[in-house]
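Below are the chains, spelled out letter by letter.
Number of protein chains: 2
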Amino acid sequence: MDLKSFVLSKAEEARVGGRAIGKVSSEKKNSALIKMAAAVKKSAKALKRENAKDLAFGRGKGLSKALLDRLTLNDKRIHEMAEGLIEVAALPDPVGEITKMWQRPNGMTVGRMRVPIGVIGIIYESRPNVTADATSLCLKAGNAVILRGGSEAIHSNKAIVKILRDAAKAEGLLPGCVTYIDTPDRQAVMELLKLEGIVDLIIPRGGEGLIRAVTENSRIPVLKHYKGVCHVFVDRDADLAMAQDICFNAKVQRPGTCNAMETMLVDKPVAKAFLPTMIRRFKKAGVTIKGCAETRRIVSAIDTVQKEDYYDEYLDLILNVRVVKNIDEAMKHVAEYGSAHSEAIVTKDYAKGMRFLREVDSSAVFINVSTRFNDGFQFGLGAEIGISTDKIHARGPMGLEELTSTKFIVLGNGQLRE
Amino acid sequence: MDLKSFVLSKAEEARVGGRAIGKVSSEKKNSALIKMAAAVKKSAKALKRENAKDLAFGRGKGLSKALLDRLTLNDKRIHEMAEGLIEVAALPDPVGEITKMWQRPNGMTVGRMRVPIGVIGIIYESRPNVTADATSLCLKAGNAVILRGGSEAIHSNKAIVKILRDAAKAEGLLPGCVTYIDTPDRQAVMELLKLEGIVDLIIPRGGEGLIRAVTENSRIPVLKHYKGVCHVFVDRDADLAMAQDICFNAKVQRPGTCNAMETMLVDKPVAKAFLPTMIRRFKKAGVTIKGCAETRRIVSAIDTVQKEDYYDEYLDLILNVRVVKNIDEAMKHVAEYGSAHSEAIVTKDYAKGMRFLREVDSSAVFINVSTRFNDGFQFGLGAEIGISTDKIHARGPMGLEELTSTKFIVLGNGQLRE
Chain A
131 MDLKSFVLSK
141 AEEARVGGRA
151 IGKVSSEKKN
161 SALIKMAAAV
171 KKSAKALKRE
181 NAKDLAFGRG
191 KGLSKALLDR
201 LTLNDKRIHE
211 MAEGLIEVAA
221 LPDPVGEITK
231 MWQRPNGMTV
241 GRMRVPIGVI
251 GIIYESRPNV
261 TADATSLCLK
271 AGNAVILRGG
281 SEAIHSNKAI
291 VKILRDAAKA
301 EGLLPGCVTY
311 IDTPDRQAVM
321 ELLKLEGIVD
331 LIIPRGGEGL
341 IRAVTENSRI
351 PVLKHYKGVC
361 HVFVDRDADL
371 AMAQDICFNA
381 KVQRPGTCNA
391 METMLVDKPV
401 AKAFLPTMIR
411 RFKKAGVTIK
421 GCAETRRIVS
431 AIDTVQKEDY
441 YDEYLDLILN
451 VRVVKNIDEA
461 MKHVAEYGSA
471 HSEAIVTKDY
481 AKGMRFLREV
491 DSSAVFINVS
501 TRFNDGFQFG
511 LGAEIGISTD
521 KIHARGPMGL
531 EELTSTKFIV
541 LGNGQLRE
Chain B
131 MDLKSFVLSK
141 AEEARVGGRA
151 IGKVSSEKKN
161 SALIKMAAAV
171 KKSAKALKRE
181 NAKDLAFGRG
191 KGLSKALLDR
201 LTLNDKRIHE
211 MAEGLIEVAA
221 LPDPVGEITK
231 MWQRPNGMTV
241 GRMRVPIGVI
251 GIIYESRPNV
261 TADATSLCLK
271 AGNAVILRGG
281 SEAIHSNKAI
291 VKILRDAAKA
301 EGLLPGCVTY
311 IDTPDRQAVM
321 ELLKLEGIVD
331 LIIPRGGEGL
341 IRAVTENSRI
351 PVLKHYKGVC
361 HVFVDRDADL
371 AMAQDICFNA
381 KVQRPGTCNA
391 METMLVDKPV
401 AKAFLPTMIR
411 RFKKAGVTIK
421 GCAETRRIVS
431 AIDTVQKEDY
441 YDEYLDLILN
451 VRVVKNIDEA
461 MKHVAEYGSA
471 HSEAIVTKDY
481 AKGMRFLREV
491 DSSAVFINVS
501 TRFNDGFQFG
511 LGAEIGISTD
521 KIHARGPMGL
531 EELTSTKFIV
541 LGNGQLRE
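Taken in sequence, the protein lines are chains A and B. At the far end of the first sequence sits residue 548, using the working numbering, and the numbering has no gaps. At the far end of the second sequence sits residue 548, using the working numbering, and the numbering has no gaps.
Some hints could be false.
As the list makes no split between identical chains, a pair holds if one copy fits it or if it spans any two.
[Stated by the list, open to error] Only pairs whose alpha carbons sit at most 30 Å apart, straight line, appear in this in silico DSBU-like list of lysine-lysine: (1) Lys478 with Lys153; (2) Lys455 with Lys153; (3) Lys171 with Lys230; (4) Lys357 with Lys230; (5) Lys158 with Lys437; (6) Lys178 with Lys206; (7) Lys402 with Lys478; (8) Lys324 with Lys357; (9) Lys206 with Lys299; (10) Lys462 with Lys171; (11) Lys172 with Lys413; (12) Lys414 with Lys299; (13) Lys134 with Lys455; (14) Lys414 with Lys175; (15) Lys134 with Lys462; (16) Lys230 with Lys153; (17) Lys402 with Lys175; (18) Lys191 with Lys206; (19) Lys462 with Lys299; (20) Lys413 with Lys398; (21) Lys324 with Lys158; (22) Lys134 with Lys172.
These are calculated hints, taken from the structure and not from any lab test.
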């Protein structure tokens, strides 16, 4: 079979699986997820064996330590994978929810009902746990998933998929609801991206390069997450002690995440009072500071920030610091250099807080809270499949609701259009 | 300037216009729309003069009568265009609406606020009224619009755009909120479709060819409306008199619309009782019937329907009639041949009605109502920019809400992530 037909056959299998799972009861879907979790736990040994093949290959290929770490499945991670499946089973089923219903003057009732999207393609890189995490969310929302993981994780991914498919089958679901494109040929992704009308949505998960390549080549709608270049603005009317804690939390608590702060903007009138203690605290925590001219006038012995630095997502203990004239300059900076991910203002002033909230156009805007809270669990939405920096369909943390569509339902008694 | 730079400069102008209009009050937007309406009314003569140039050119090019009709601006249409602007001014402003707000255990409040999308590109064909209709909806939702109409309507479109821009300027808005790509070069659309990051959304309005070309070439998210191949299923438990009226209304009331019925599915046990009178009534109204073998056994002197006919959107007084074994075969037919636009069941049976409602995956599903009601005004949503047959972001009639995005807003008092 040629590659095109191969990918098409996988997608067709997913389509049939999707039609079936879209109509399955919550009970059955939950039961399948719990069976999957049990099977994952029971297969820890086999999973580690398959994973060892990927790790050996990766080492031979000279993958970095960080990449090898991401690739690794150990007992803890296998346990977490199983627990993740159980957690998704416990979430409310979004399918069939009627989000609104109203009466029209002619007596017909119109409503909006949540329905599955259909077939969702997930294209991801080295973490094999994505295989189970993404599958659980897609299935719970009544969708089939068609997975394409990184070639370096292929043994691990295939083993996980087999477990998930067998459990689905045992529950009476069509195994096509979990489909894996198991060829090392990189062109397979390009073939998948052409299957408009069979695959309904593509979610790429990984680095900027992967996401750009998918976006540029897809005929299918894509939900994506580019980088998180996040800001905290310390206003002149901030509680400076609170501002310190928020900025420290936003940068240091977990610097490798997309909602960590990359640039701290400080209002000029409080720069002298705020910066010395703050920067001392950062330095003590191992943060490298890159400051603007004004910052360097106030605090000595720090690097100079370059204009290009303001665009960077460091994902590391590095921080740009810029002193701004006022809130207008702060918001201008955010609009120019930010990635519309997460921005916070620290202020006691009502009007400025509300203005920042309204005018800053990011997936999440915070008053007096750390940007680190931009997260599905923290917002109370349950597990998430990523954080969308798109404006279409989903913005911010994407949970089960974002994996559904809606349809209009109309109940009448013979209404005719005049 | 080369084409690429030309299109880019237009898009940049729209981007700046969009940033500004996103923050403008409802009052100012409404006032601008009302000024636009007044200016359109006052400029009827000038508009007809420009339109005459397009019509003359079109006649010379040998455009069909139907196309020339669509292209025509007369007093009635100009008046309707102005009234449309006033109607949109009267709709509630979606921007700033907080759709939901909740408290988290740590005391922070999380909400979702509606925000403009940004810059919306509208690519359309010959109707010049789209220029004003699409602009009014985009502006009201706080977006800039970048318009690209058919080359055959360029004089009319440019004249309308000038009126709209002048009125925007008079209200103190940046004219960039209404931008027109005024070059006859067809490649301009391709350049526009590459401007990801500047243009946020593309809405093509026109025939299937246009929509496919846009979808295949766009790196920007596209909201589209393919064809409407709509069905009415007359169940064995239908009130047959009601079924007759609904089917007649769905086919005949305005056959050229996307929500008109193209295939009538009749449950076998009532076919003999239902079809003869129904088909007589259709024929009297000038409808050409294409029947399946069973239909032709019951009613003589009708054409045979071919399998390919079931995929056709006739937009005309032509109807496929098929007798099906039961509701399952009806739903299977809809899933196989339909375009997921509008489908209705006529039945007195509760369980079958509910099953059809739940299992048929179309943008609108009706019980005992004509499919012709799939429309923004009829659903009570106000003016619409089209009916989406997509599943992502918008499905069914797209009104002002569908021209917005949301962001998360978080109000706290110093919360830190642990």
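Among the hints numbered above, which are violated by the structure, and what are their numbers in rising order? 3, 5, 10, 11, 12, 13, 14, 17, 21 and 22
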